[in-house]
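Trainee: Sequence:
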Amino acid sequence: MRRRHWLRIGLIAMLTASLIFAGCSRGAKENGAGTGNGTGTTGTASGDDKSPVTFTYFAFGSNIDKLASETRIGQILKEQTGVDWKMEFVVGDPAIKAGVMISGGEYPDVISPVSEYAKLVDAGAFIPLNDLIEQHGPNIMRVYGPYLDKMKHEDGNIYILPFTANVGGYISDPNPVTNFWIQRRVLKEFGYPKIKTLDQYFELIEKFHEKYPVIDGKETIGFGIYAGDAAQYYTITNPPMHLAGYPNDGNVLVDLETHEAKLYQGTELEKRWLKALHDLYNKGLLDPESFTANGDQFMAKITSGRMLGFAAYIWQIGDAINNLKTAGNDDLQYVSLPIVFDEDITDAYVDPPSFVNNRGLGISVSAKDPVRIIKYWDNLLKEENQKLTTWGEPGVTYEVDENGRFYMTEEQLRKRNDNDFRREYGFAYFEYEWPRYGNNSVYEDGNAHWPFYQPEVARVNYTEGDKELLKAWGVETFADLYATPVERPWYPAWSIEKPQGSPEAMFSQQANDLMMLYYPKMVLAPEGQFEAVWEEYMREFGKLNAAGYEEFMTRKVRDRVAGKW
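One rule links them: number in this note's numbering = place in the sequence shown (from 1) + 530.
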(Lines of atoms letter the chains of each structure in order from A and count residues from 1; the text may use other names and numbers.)
(Lines give C-alpha, C1' and ligand atoms only; values in the text may rest on other atoms or scores of the structure.)
Protein backbone atom coordinates (compact mmCIF):
# COMPACT_ATOMS: atom_id res chain seq x y z
CA MET A 1 0.00 0.00 0.00
CA ARG A 2 2.73 2.42 0.96
CA ARG A 3 4.67 1.62 -2.20
CA ARG A 4 1.65 2.27 -4.41
CA HIS A 5 1.09 5.54 -2.58
CA TRP A 6 4.62 6.72 -3.38
CA LEU A 7 4.29 5.55 -6.97
CA ARG A 8 1.18 7.67 -7.36
CA ILE A 9 2.98 10.66 -5.89
CA GLY A 10 5.93 10.01 -8.20
CA LEU A 11 3.71 9.92 -11.30
CA ILE A 12 1.97 13.14 -10.30
CA ALA A 13 5.35 14.78 -9.63
CA MET A 14 6.69 13.71 -13.02
CA LEU A 15 3.63 15.02 -14.87
CA THR A 16 3.88 18.29 -12.97
CA ALA A 17 7.61 18.41 -13.68
CA SER A 18 7.00 18.00 -17.39
CA LEU A 19 4.70 21.01 -17.44
CA ILE A 20 7.10 23.09 -15.40
CA PHE A 21 10.06 22.13 -17.58
CA ALA A 22 8.16 23.07 -20.70
CA GLY A 23 7.96 26.59 -19.28
CA CYS A 24 11.61 26.47 -18.17
CA SER A 25 12.70 25.36 -21.64
CA ARG A 26 10.90 28.21 -23.37
CA GLY A 27 12.53 30.65 -20.96
CA ALA A 28 15.94 29.07 -21.52
CA LYS A 29 15.62 29.28 -25.30
CA GLU A 30 14.55 32.90 -25.06
CA ASN A 31 17.71 33.53 -23.05
CA GLY A 32 19.87 31.89 -25.71
CA ALA A 33 20.34 28.51 -24.00
CA GLY A 34 20.58 25.40 -26.11
CA THR A 35 22.43 26.94 -29.05
CA GLY A 36 26.10 27.18 -29.83
CA ASN A 37 29.18 26.98 -27.59
CA GLY A 38 28.53 23.34 -26.67
CA THR A 39 25.48 24.23 -24.58
CA GLY A 40 21.97 22.82 -24.50
CA THR A 41 21.45 19.84 -26.79
CA THR A 42 24.09 20.52 -29.40
CA GLY A 43 26.70 18.09 -28.00
CA THR A 44 28.32 15.49 -30.18
CA ALA A 45 26.76 12.47 -28.49
CA SER A 46 23.74 10.78 -29.95
CA GLY A 47 21.74 7.67 -29.09
CA ASP A 48 23.44 5.47 -26.48
CA ASP A 49 27.04 6.30 -27.30
CA LYS A 50 29.37 4.22 -25.10
CA SER A 51 32.66 5.07 -26.78
CA PRO A 52 35.44 5.80 -24.27
CA VAL A 53 35.67 9.42 -23.13
CA THR A 54 37.23 11.14 -20.12
CA PHE A 55 35.75 14.34 -18.75
CA THR A 56 37.23 16.67 -16.14
CA TYR A 57 35.53 17.09 -12.77
CA PHE A 58 36.49 19.77 -10.24
CA ALA A 59 35.08 20.02 -6.74
CA PHE A 60 35.51 22.88 -4.28
CA GLY A 61 35.27 20.26 -1.52
CA SER A 62 38.26 18.43 -0.06
CA ASN A 63 39.50 15.04 -1.22
CA ILE A 64 42.43 13.38 -2.98
CA ASP A 65 42.62 13.68 -6.77
CA LYS A 66 41.68 10.48 -8.57
CA LEU A 67 40.71 8.97 -11.92
CA ALA A 68 37.19 7.63 -11.41
CA SER A 69 37.91 4.31 -13.16
CA GLU A 70 40.62 3.61 -10.59
CA THR A 71 37.79 3.00 -8.13
CA ARG A 72 35.41 0.04 -8.27
CA ILE A 73 32.32 2.25 -8.49
CA GLY A 74 33.85 4.44 -11.17
CA GLN A 75 34.86 1.39 -13.21
CA ILE A 76 31.34 -0.11 -13.08
CA LEU A 77 29.81 3.20 -14.17
CA LYS A 78 32.38 3.46 -16.96
CA GLU A 79 31.43 -0.03 -18.19
CA GLN A 80 27.81 1.12 -18.32
CA THR A 81 28.46 4.42 -20.12
CA GLY A 82 31.98 4.56 -21.53
CA VAL A 83 32.55 7.71 -19.45
CA ASP A 84 35.50 8.25 -17.12
CA TRP A 85 36.34 11.27 -14.96
CA LYS A 86 39.56 12.99 -14.02
CA MET A 87 38.53 14.17 -10.56
CA GLU A 88 40.34 17.08 -8.95
CA PHE A 89 39.68 18.92 -5.69
CA VAL A 90 40.46 22.39 -4.44
CA VAL A 91 43.74 23.09 -2.66
CA GLY A 92 44.09 26.31 -0.70
CA ASP A 93 41.59 29.18 -0.71
CA PRO A 94 38.48 28.27 -2.78
CA ALA A 95 37.78 31.95 -3.53
CA ILE A 96 41.21 32.36 -5.12
CA LYS A 97 40.75 29.22 -7.22
CA ALA A 98 37.34 30.41 -8.41
CA GLY A 99 38.82 33.78 -9.31
CA VAL A 100 41.58 32.14 -11.34
CA MET A 101 39.01 30.06 -13.24
CA ILE A 102 36.84 33.07 -13.97
CA SER A 103 39.70 35.32 -15.09
CA GLY A 104 41.01 32.62 -17.42
CA GLY A 105 37.58 31.83 -18.83
CA GLU A 106 38.43 28.12 -19.06
CA TYR A 107 36.69 25.59 -16.85
CA PRO A 108 36.63 21.85 -16.18
CA ASP A 109 33.75 20.00 -17.83
CA VAL A 110 31.78 19.86 -14.58
CA ILE A 111 32.14 21.77 -11.33
CA SER A 112 30.88 21.24 -7.79
CA PRO A 113 31.11 24.90 -6.72
CA VAL A 114 30.08 24.63 -3.03
CA SER A 115 30.46 28.16 -1.55
CA GLU A 116 31.61 29.61 -4.87
CA TYR A 117 28.26 28.90 -6.56
CA ALA A 118 26.98 32.49 -6.79
CA LYS A 119 30.31 33.80 -8.03
CA LEU A 120 30.61 31.20 -10.79
CA VAL A 121 26.99 31.56 -11.90
CA ASP A 122 27.31 35.32 -12.11
CA ALA A 123 30.48 34.88 -14.17
CA GLY A 124 28.58 32.72 -16.68
CA ALA A 125 30.59 29.60 -15.88
CA PHE A 126 27.62 27.18 -16.14
CA ILE A 127 25.25 26.31 -18.96
CA PRO A 128 21.49 26.07 -18.34
CA LEU A 129 20.38 22.47 -17.82
CA ASN A 130 16.68 22.93 -18.59
CA ASP A 131 16.64 21.62 -22.18
CA LEU A 132 19.20 18.91 -21.47
CA ILE A 133 17.15 17.48 -18.62
CA GLU A 134 13.89 17.66 -20.52
CA GLN A 135 15.29 15.79 -23.51
CA HIS A 136 17.79 13.39 -21.91
CA GLY A 137 16.95 13.10 -18.21
CA PRO A 138 13.97 10.86 -17.32
CA ASN A 139 15.63 9.77 -14.07
CA ILE A 140 16.63 13.34 -13.30
CA MET A 141 12.98 14.31 -13.74
CA ARG A 142 11.90 11.48 -11.44
CA VAL A 143 14.28 12.53 -8.68
CA TYR A 144 14.18 16.33 -8.96
CA GLY A 145 10.66 16.84 -10.31
CA PRO A 146 9.14 17.98 -6.99
CA TYR A 147 11.97 20.48 -6.48
CA LEU A 148 12.17 22.21 -9.87
CA ASP A 149 10.86 25.58 -8.70
CA LYS A 150 13.37 25.55 -5.85
CA MET A 151 16.24 24.80 -8.25
CA LYS A 152 15.72 27.73 -10.61
CA HIS A 153 18.07 30.68 -10.61
CA GLU A 154 16.43 34.12 -10.68
CA ASP A 155 16.71 34.10 -14.49
CA GLY A 156 14.54 30.96 -14.69
CA ASN A 157 17.42 28.62 -15.53
CA ILE A 158 18.70 25.59 -13.64
CA TYR A 159 22.49 25.56 -13.38
CA ILE A 160 23.21 22.73 -10.93
CA LEU A 161 21.65 19.48 -9.78
CA PRO A 162 21.57 19.71 -5.96
CA PHE A 163 22.71 16.96 -3.60
CA THR A 164 19.67 16.76 -1.32
CA ALA A 165 16.65 15.58 -3.32
CA ASN A 166 14.84 13.23 -0.96
CA VAL A 167 13.07 10.38 -2.72
CA GLY A 168 10.54 7.81 -1.52
CA GLY A 169 9.90 9.07 2.01
CA TYR A 170 11.94 10.33 4.92
CA ILE A 171 14.15 8.48 7.41
CA SER A 172 16.05 10.23 10.18
CA ASP A 173 19.60 9.64 11.38
CA PRO A 174 19.67 7.17 14.31
CA ASN A 175 23.01 8.65 15.37
CA PRO A 176 23.02 12.44 14.89
CA VAL A 177 26.21 14.39 15.39
CA THR A 178 26.72 17.98 16.48
CA ASN A 179 29.75 20.24 16.31
CA PHE A 180 30.65 19.66 20.00
CA TRP A 181 32.72 16.52 20.64
CA ILE A 182 34.23 15.02 23.77
CA GLN A 183 36.65 12.14 24.17
CA ARG A 184 35.11 8.93 25.47
CA ARG A 185 37.62 8.45 28.26
CA VAL A 186 36.68 11.83 29.76
CA LEU A 187 33.11 10.62 30.17
CA LYS A 188 34.25 7.17 31.33
CA GLU A 189 36.59 8.61 33.96
CA PHE A 190 33.70 10.28 35.79
CA GLY A 191 31.05 7.58 35.41
CA TYR A 192 29.41 8.79 32.19
CA PRO A 193 27.72 11.92 33.58
CA LYS A 194 24.97 13.45 31.48
CA ILE A 195 26.10 16.86 30.33
CA LYS A 196 23.86 19.32 28.54
CA THR A 197 25.18 22.84 29.00
CA LEU A 198 28.35 24.51 27.74
CA ASP A 199 29.47 25.17 31.31
CA GLN A 200 29.07 21.50 32.22
CA TYR A 201 30.96 20.50 29.09
CA PHE A 202 33.94 22.77 29.77
CA GLU A 203 33.94 21.93 33.50
CA LEU A 204 34.24 18.21 32.76
CA ILE A 205 37.12 18.82 30.36
CA GLU A 206 38.85 21.01 32.94
CA LYS A 207 38.37 18.39 35.63
CA PHE A 208 39.96 15.66 33.50
CA HIS A 209 42.80 17.96 32.37
CA GLU A 210 43.66 18.79 35.98
CA LYS A 211 43.81 15.07 36.78
CA TYR A 212 45.75 14.07 33.67
CA PRO A 213 47.80 17.04 32.34
CA VAL A 214 50.15 14.58 30.64
CA ILE A 215 49.23 11.19 29.17
CA ASP A 216 51.76 8.82 27.59
CA GLY A 217 54.37 11.57 27.74
CA LYS A 218 52.22 14.05 25.81
CA GLU A 219 50.56 17.18 27.17
CA THR A 220 46.79 16.94 26.93
CA ILE A 221 44.90 19.66 25.07
CA GLY A 222 41.68 20.69 26.77
CA PHE A 223 39.66 22.04 23.86
CA GLY A 224 40.34 22.94 20.24
CA ILE A 225 38.37 24.57 17.48
CA TYR A 226 38.92 24.45 13.74
CA ALA A 227 39.29 28.18 13.02
CA GLY A 228 42.59 28.25 11.15
CA ASP A 229 41.02 28.06 7.69
CA ALA A 230 39.20 31.12 6.35
CA ALA A 231 36.82 28.97 4.30
CA GLN A 232 35.88 26.99 7.41
CA TYR A 233 35.57 29.94 9.80
CA TYR A 234 31.89 29.18 10.36
CA THR A 235 33.14 26.50 12.76
CA ILE A 236 33.77 29.19 15.36
CA THR A 237 31.05 31.65 14.29
CA ASN A 238 28.13 29.18 14.26
CA PRO A 239 28.10 27.85 17.86
CA PRO A 240 26.04 30.70 19.41
CA MET A 241 23.18 29.65 17.13
CA HIS A 242 23.39 25.99 18.17
CA LEU A 243 23.91 26.78 21.84
CA ALA A 244 20.81 28.98 21.82
CA GLY A 245 18.66 26.11 20.51
CA TYR A 246 18.49 26.99 16.81
CA PRO A 247 19.39 24.83 13.81
CA ASN A 248 22.07 25.75 11.28
CA ASP A 249 20.44 28.63 9.41
CA GLY A 250 23.78 30.30 8.79
CA ASN A 251 24.20 33.69 10.44
CA VAL A 252 20.58 34.29 11.44
CA LEU A 253 18.03 33.02 13.95
CA VAL A 254 14.57 32.64 12.44
CA ASP A 255 11.47 33.03 14.61
CA LEU A 256 9.12 30.07 14.19
CA GLU A 257 6.00 32.21 14.39
CA THR A 258 6.85 35.50 12.65
CA HIS A 259 9.60 34.11 10.38
CA GLU A 260 11.66 37.16 11.21
CA ALA A 261 15.40 36.58 10.65
CA LYS A 262 17.76 38.20 13.14
CA LEU A 263 21.56 38.17 13.21
CA TYR A 264 23.21 36.70 16.27
CA GLN A 265 26.44 38.54 15.48
CA GLY A 266 26.73 41.48 17.82
CA THR A 267 24.37 39.95 20.40
CA GLU A 268 24.79 38.64 23.93
CA LEU A 269 24.73 35.11 22.48
CA GLU A 270 27.90 35.76 20.50
CA LYS A 271 29.49 37.51 23.45
CA ARG A 272 28.69 34.63 25.80
CA TRP A 273 30.31 32.10 23.48
CA LEU A 274 33.47 34.15 22.91
CA LYS A 275 33.80 34.96 26.62
CA ALA A 276 33.63 31.23 27.39
CA LEU A 277 36.48 30.59 24.96
CA HIS A 278 38.41 33.54 26.40
CA ASP A 279 38.08 32.14 29.93
CA LEU A 280 39.12 28.70 28.70
CA TYR A 281 42.22 30.15 27.04
CA ASN A 282 43.27 31.99 30.18
CA LYS A 283 42.99 28.74 32.12
CA GLY A 284 45.39 27.12 29.67
CA LEU A 285 42.69 24.81 28.32
CA LEU A 286 42.16 26.19 24.80
CA ASP A 287 44.54 25.04 22.11
CA PRO A 288 46.53 28.21 21.25
CA GLU A 289 46.81 26.97 17.62
CA SER A 290 43.03 26.97 17.14
CA PHE A 291 43.31 30.07 14.94
CA THR A 292 46.35 28.96 12.96
CA ALA A 293 46.25 25.18 12.44
CA ASN A 294 45.10 23.95 9.03
CA GLY A 295 42.75 21.03 8.50
CA ASP A 296 45.44 18.35 8.42
CA GLN A 297 47.08 19.69 11.57
CA PHE A 298 43.75 19.89 13.37
CA MET A 299 42.84 16.30 12.44
CA ALA A 300 46.29 15.11 13.50
CA LYS A 301 45.60 16.46 16.99
CA ILE A 302 42.28 14.64 17.09
CA THR A 303 43.80 11.29 16.10
CA SER A 304 46.76 11.76 18.46
CA GLY A 305 44.51 11.27 21.48
CA ARG A 306 45.77 14.48 23.10
CA MET A 307 42.65 16.57 22.54
CA LEU A 308 39.86 16.10 25.11
CA GLY A 309 37.19 18.06 23.30
CA PHE A 310 36.76 20.10 20.16
CA ALA A 311 34.32 21.96 17.95
CA ALA A 312 34.02 20.93 14.28
CA TYR A 313 31.42 19.55 11.90
CA ILE A 314 31.57 15.90 10.85
CA TRP A 315 32.21 16.77 7.19
CA GLN A 316 35.35 18.64 8.28
CA ILE A 317 36.86 15.89 10.41
CA GLY A 318 35.31 12.69 9.00
CA ASP A 319 38.67 11.18 8.06
CA ALA A 320 39.97 11.61 11.61
CA ILE A 321 36.84 10.03 13.11
CA ASN A 322 37.10 7.09 10.70
CA ASN A 323 40.80 6.64 11.48
CA LEU A 324 39.99 6.41 15.18
CA LYS A 325 37.28 3.83 14.48
CA THR A 326 39.73 1.79 12.43
CA ALA A 327 42.32 1.97 15.23
CA GLY A 328 39.72 0.41 17.53
CA ASN A 329 40.51 2.13 20.85
CA ASP A 330 37.10 3.19 22.19
CA ASP A 331 38.60 5.36 24.91
CA LEU A 332 40.28 7.61 22.34
CA GLN A 333 37.20 7.97 20.15
CA TYR A 334 34.80 10.88 20.48
CA VAL A 335 31.10 11.31 21.00
CA SER A 336 29.21 14.44 19.96
CA LEU A 337 26.57 15.83 22.28
CA PRO A 338 23.65 18.30 21.93
CA ILE A 339 25.29 21.01 24.02
CA VAL A 340 23.30 24.22 24.71
CA PHE A 341 23.78 27.30 26.87
CA ASP A 342 21.21 26.53 29.58
CA GLU A 343 19.24 23.57 30.93
CA ASP A 344 15.89 24.99 29.82
CA ILE A 345 16.94 25.28 26.15
CA THR A 346 15.68 22.62 23.74
CA ASP A 347 18.38 21.66 21.25
CA ALA A 348 17.82 21.84 17.49
CA TYR A 349 20.81 19.94 16.15
CA VAL A 350 18.80 17.43 14.14
CA ASP A 351 17.87 18.98 10.80
CA PRO A 352 14.22 19.02 9.75
CA PRO A 353 13.36 17.89 6.20
CA SER A 354 15.11 20.37 3.95
CA PHE A 355 16.27 21.17 0.45
CA VAL A 356 19.58 22.88 -0.27
CA ASN A 357 19.44 24.48 -3.70
CA ASN A 358 22.91 26.03 -3.90
CA ARG A 359 25.08 22.95 -3.40
CA GLY A 360 25.28 20.69 -6.42
CA LEU A 361 27.04 19.79 -9.67
CA GLY A 362 26.89 21.86 -12.85
CA ILE A 363 28.12 21.61 -16.45
CA SER A 364 30.52 24.38 -17.45
CA VAL A 365 30.54 26.43 -20.64
CA SER A 366 33.83 24.69 -21.50
CA ALA A 367 32.26 21.22 -21.44
CA LYS A 368 33.11 19.13 -24.49
CA ASP A 369 29.85 17.16 -24.64
CA PRO A 370 27.00 18.28 -22.37
CA VAL A 371 24.61 15.65 -23.74
CA ARG A 372 26.96 12.80 -22.85
CA ILE A 373 27.44 14.28 -19.39
CA ILE A 374 23.73 14.71 -18.67
CA LYS A 375 23.12 11.12 -19.80
CA TYR A 376 25.82 9.93 -17.41
CA TRP A 377 24.09 11.79 -14.58
CA ASP A 378 20.74 10.37 -15.59
CA ASN A 379 22.19 6.86 -15.51
CA LEU A 380 23.75 7.60 -12.13
CA LEU A 381 20.30 8.44 -10.76
CA LYS A 382 18.87 5.02 -11.59
CA GLU A 383 17.95 3.39 -8.30
CA GLU A 384 20.38 0.49 -8.81
CA ASN A 385 23.25 2.95 -9.30
CA GLN A 386 22.25 4.99 -6.28
CA LYS A 387 22.49 1.76 -4.31
CA LEU A 388 25.90 1.14 -5.89
CA THR A 389 27.26 4.54 -4.85
CA THR A 390 26.09 4.23 -1.25
CA TRP A 391 25.84 0.49 -0.51
CA GLY A 392 28.16 -0.98 -3.12
CA GLU A 393 27.72 -4.59 -4.28
CA PRO A 394 25.67 -7.29 -2.52
CA GLY A 395 27.87 -10.05 -1.16
CA VAL A 396 30.88 -7.74 -1.29
CA THR A 397 30.22 -4.55 0.68
CA TYR A 398 26.80 -5.49 2.12
CA GLU A 399 24.40 -8.41 2.48
CA VAL A 400 20.68 -8.92 1.87
CA ASP A 401 18.58 -10.99 4.27
CA GLU A 402 15.61 -13.22 3.43
CA ASN A 403 13.25 -10.24 3.75
CA GLY A 404 15.23 -8.10 1.33
CA ARG A 405 16.70 -5.94 4.07
CA PHE A 406 20.24 -4.63 3.57
CA TYR A 407 22.81 -5.03 6.33
CA MET A 408 26.57 -5.24 6.80
CA THR A 409 28.73 -7.76 8.57
CA GLU A 410 31.25 -6.46 11.08
CA GLU A 411 34.03 -6.95 8.52
CA GLN A 412 32.12 -5.09 5.81
CA LEU A 413 31.38 -2.26 8.21
CA ARG A 414 35.01 -2.11 9.30
CA LYS A 415 36.04 -1.65 5.67
CA ARG A 416 33.31 0.93 5.10
CA ASN A 417 34.76 3.00 7.95
CA ASP A 418 38.30 2.67 6.62
CA ASN A 419 39.40 5.76 4.66
CA ASP A 420 41.78 3.86 2.36
CA PHE A 421 39.09 1.34 1.41
CA ARG A 422 36.51 4.09 0.91
CA ARG A 423 38.77 5.79 -1.61
CA GLU A 424 39.81 2.55 -3.29
CA TYR A 425 36.23 1.34 -3.71
CA GLY A 426 34.90 4.80 -4.58
CA PHE A 427 32.50 5.56 -1.73
CA ALA A 428 34.66 8.55 -0.75
CA TYR A 429 34.12 10.01 -4.24
CA PHE A 430 30.63 9.04 -5.35
CA GLU A 431 28.55 9.13 -2.18
CA TYR A 432 28.23 12.89 -2.04
CA GLU A 433 29.37 15.45 -4.66
CA TRP A 434 27.29 14.06 -7.54
CA PRO A 435 23.59 14.21 -8.48
CA ARG A 436 22.07 11.92 -5.86
CA TYR A 437 19.23 11.08 -3.55
CA GLY A 438 19.25 12.95 -0.25
CA ASN A 439 20.54 11.02 2.78
CA ASN A 440 17.04 10.81 4.25
CA SER A 441 15.66 8.99 1.19
CA VAL A 442 14.11 5.53 1.14
CA TYR A 443 14.33 3.10 -1.79
CA GLU A 444 11.25 1.47 -3.28
CA ASP A 445 12.10 -1.76 -1.44
CA GLY A 446 12.09 0.09 1.92
CA ASN A 447 15.85 0.15 2.49
CA ALA A 448 17.52 3.40 3.51
CA HIS A 449 19.47 5.25 0.84
CA TRP A 450 22.20 6.14 3.34
CA PRO A 451 23.52 2.90 4.91
CA PHE A 452 24.16 4.40 8.32
CA TYR A 453 20.49 5.40 8.60
CA GLN A 454 19.53 1.72 8.19
CA PRO A 455 18.70 0.32 11.67
CA GLU A 456 20.40 -3.00 10.86
CA VAL A 457 23.64 -1.15 10.09
CA ALA A 458 23.40 1.28 13.00
CA ARG A 459 23.20 -1.62 15.44
CA VAL A 460 26.28 -3.37 14.01
CA ASN A 461 28.16 -0.07 13.90
CA TYR A 462 28.00 0.30 17.68
CA THR A 463 31.25 -0.54 19.42
CA GLU A 464 31.45 -1.98 22.93
CA GLY A 465 32.20 1.55 24.09
CA ASP A 466 29.05 2.82 22.39
CA LYS A 467 26.96 0.16 24.05
CA GLU A 468 28.45 0.90 27.46
CA LEU A 469 27.80 4.61 27.01
CA LEU A 470 24.22 4.16 25.83
CA LYS A 471 23.49 1.75 28.68
CA ALA A 472 24.86 4.22 31.24
CA TRP A 473 22.61 6.94 29.83
CA GLY A 474 19.58 4.66 29.59
CA VAL A 475 18.97 5.13 25.87
CA GLU A 476 18.96 2.76 22.88
CA THR A 477 20.46 5.06 20.24
CA PHE A 478 22.28 8.37 20.26
CA ALA A 479 19.24 9.92 18.56
CA ASP A 480 17.42 9.47 21.88
CA LEU A 481 19.63 12.22 23.30
CA TYR A 482 18.34 14.79 20.82
CA ALA A 483 15.12 16.74 20.53
CA THR A 484 12.75 15.96 17.66
CA PRO A 485 13.25 18.48 14.84
CA VAL A 486 10.63 21.16 14.28
CA GLU A 487 9.36 21.77 10.74
CA ARG A 488 10.95 24.82 9.13
CA PRO A 489 9.69 25.26 5.56
CA TRP A 490 12.43 27.77 4.67
CA TYR A 491 15.29 25.64 5.94
CA PRO A 492 18.20 26.18 5.61
CA ALA A 493 18.42 29.96 5.40
CA TRP A 494 22.16 29.81 4.72
CA SER A 495 21.36 28.55 1.21
CA ILE A 496 19.67 31.88 0.36
CA GLU A 497 21.92 33.40 -2.30
CA LYS A 498 23.15 36.95 -2.03
CA PRO A 499 23.90 38.29 -5.55
CA GLN A 500 27.52 39.26 -6.14
CA GLY A 501 28.06 42.95 -5.40
CA SER A 502 24.69 43.34 -3.68
CA PRO A 503 24.41 45.15 -0.33
CA GLU A 504 23.70 41.77 1.31
CA ALA A 505 26.80 40.16 -0.17
CA MET A 506 28.89 43.16 0.86
CA PHE A 507 27.52 43.02 4.39
CA SER A 508 28.29 39.30 4.64
CA GLN A 509 31.88 39.86 3.56
CA GLN A 510 32.38 42.85 5.85
CA ALA A 511 30.82 41.07 8.82
CA ASN A 512 32.96 37.99 8.22
CA ASP A 513 36.12 40.09 7.89
CA LEU A 514 35.27 41.74 11.19
CA MET A 515 34.86 38.39 12.93
CA MET A 516 38.14 37.07 11.53
CA LEU A 517 39.91 40.20 12.79
CA TYR A 518 38.37 40.44 16.26
CA TYR A 519 37.62 36.85 17.32
CA PRO A 520 41.29 35.99 17.94
CA LYS A 521 41.77 39.32 19.71
CA MET A 522 38.86 38.64 22.07
CA VAL A 523 39.54 34.97 22.71
CA LEU A 524 43.31 35.30 23.16
CA ALA A 525 43.20 38.59 25.10
CA PRO A 526 44.90 38.64 28.51
CA GLU A 527 42.57 38.11 31.45
CA GLY A 528 40.54 41.21 32.21
CA GLN A 529 40.79 42.71 28.72
CA PHE A 530 37.94 40.92 26.98
CA GLU A 531 35.36 43.66 27.58
CA ALA A 532 37.51 46.35 26.06
CA VAL A 533 38.05 44.37 22.86
CA TRP A 534 34.36 43.45 22.69
CA GLU A 535 33.36 47.11 22.90
CA GLU A 536 35.79 47.98 20.10
CA TYR A 537 34.36 45.13 18.02
CA MET A 538 30.80 46.37 18.62
CA ARG A 539 31.72 49.90 17.56
CA GLU A 540 33.02 48.55 14.25
CA PHE A 541 30.04 46.25 13.83
CA GLY A 542 27.72 49.20 14.40
CA LYS A 543 29.06 50.81 11.24
CA LEU A 544 27.63 47.98 9.10
CA ASN A 545 24.08 47.87 7.74
CA ALA A 546 22.88 44.96 9.88
CA ALA A 547 19.26 46.14 9.76
CA GLY A 548 19.23 46.09 5.95
CA TYR A 549 20.66 42.58 5.91
CA GLU A 550 18.07 41.33 8.40
CA GLU A 551 15.30 42.89 6.34
CA PHE A 552 16.59 41.09 3.23
CA MET A 553 16.84 37.71 4.99
CA THR A 554 13.40 38.08 6.57
CA ARG A 555 11.88 38.80 3.17
CA LYS A 556 13.60 35.80 1.60
CA VAL A 557 12.61 33.46 4.45
CA ARG A 558 8.97 34.57 4.20
CA ASP A 559 9.10 34.07 0.42
CA ARG A 560 10.24 30.50 0.95
CA VAL A 561 7.50 29.87 3.49
CA ALA A 562 5.05 31.08 0.82
CA GLY A 563 6.57 28.61 -1.67
CA LYS A 564 8.62 31.17 -3.60
CA TRP A 565 12.22 29.99 -3.70
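Since the hints were derived computationally from the structure, they do not count as laboratory data. Be aware that a few hints might be false.
To be verified - Calculated lysine-lysine pairs in the DSBU-like style (CA-CA distance at most 30 Å, straight line):
{"hint": "1", "residue 1": "Lys-805", "residue 2": "Lys-831"}
{"hint": "2", "residue 1": "Lys-748", "residue 2": "Lys-726"}
{"hint": "3", "residue 1": "Lys-718", "residue 2": "Lys-997"}
{"hint": "4", "residue 1": "Lys-945", "residue 2": "Lys-855"}
{"hint": "5", "residue 1": "Lys-1028", "residue 2": "Lys-1086"}
{"hint": "6", "residue 1": "Lys-616", "residue 2": "Lys-724"}
{"hint": "7", "residue 1": "Lys-945", "residue 2": "Lys-1001"}
{"hint": "8", "residue 1": "Lys-831", "residue 2": "Lys-945"}
{"hint": "9", "residue 1": "Lys-1001", "residue 2": "Lys-741"}
{"hint": "10", "residue 1": "Lys-917", "residue 2": "Lys-945"}
{"hint": "11", "residue 1": "Lys-724", "residue 2": "Lys-805"}
{"hint": "12", "residue 1": "Lys-649", "residue 2": "Lys-1028"}
{"hint": "13", "residue 1": "Lys-997", "residue 2": "Lys-741"}
{"hint": "14", "residue 1": "Lys-1028", "residue 2": "Lys-792"}
{"hint": "15", "residue 1": "Lys-917", "residue 2": "Lys-680"}
{"hint": "16", "residue 1": "Lys-616", "residue 2": "Lys-917"}
Trainee: Work down the list of hints and note, for each, if the structure agrees.
Mentor: We went through each hint and held it up to the structure:
1. As the CA atoms of Lys-805 and Lys-831 are separated by approximately 24 Å, the hinted pair is consistent with the 30 Å bound.
2. For the hint linking Lys-748 to Lys-726, the alpha-carbon distance of about 29 Å falls within 30 Å, and the restraint holds.
3. The suggested pairing of Lys-718 with Lys-997 holds, with an alpha-carbon distance near 12 Å, which does not exceed 30 Å.
4. Between Lys-945 and Lys-855, the direct Cα distance comes to roughly 10 Å. Compliance with the 30 Å bound is thereby established for this hinted pair.
5. Proximity of Lys-1028 to Lys-1086 is assessed by CA-CA distance (about 10 Å); at most 30 Å being required, the pair is judged to hold.
6. Between Lys-616 and Lys-724 the CA atoms are separated by roughly 48 Å; this puts the pair beyond 30 Å, and the hint is violated.
7. Straight-line distance between C-alpha atoms of Lys-945 and Lys-1001 comes to about 26 Å, which keeps the hinted pair within the 30 Å bound.
8. Simply put, Lys-831 and Lys-945 have alpha-carbon atoms about 23 Å apart, close enough for the 30 Å limit, and the pair holds.
9. Between Lys-1001 and Lys-741 the alpha-carbon distance is near 26 Å, which keeps this suggested pair within the 30 Å criterion.
10. Restraint check for Lys-917 and Lys-945: the C-alpha separation of about 17 Å stays at or below 30 Å, so the hint holds.
11. In summary, the hint linking Lys-724 to Lys-805 is supported, as the alpha carbons are separated by about 24 Å, within the 30 Å threshold.
12. Note on Lys-649 and Lys-1028: the hinted pairing holds, with a Cα-Cα distance of about 10 Å set against a maximum of 30 Å.
13. In summary, the hint linking Lys-997 to Lys-741 is supported, as the alpha carbons are separated by about 26 Å, within the 30 Å threshold.
14. About 16 Å separates the Cα atoms of Lys-1028 and Lys-792, which keeps this hinted pair within 30 Å; it holds.
15. Between Lys-917 and Lys-680 the CA atoms are separated by roughly 26 Å; this keeps the pair inside 30 Å, and the hint holds.
16. With a CA separation close to 23 Å, the supplied pair Lys-616 and Lys-917 stays within the 30 Å bound.
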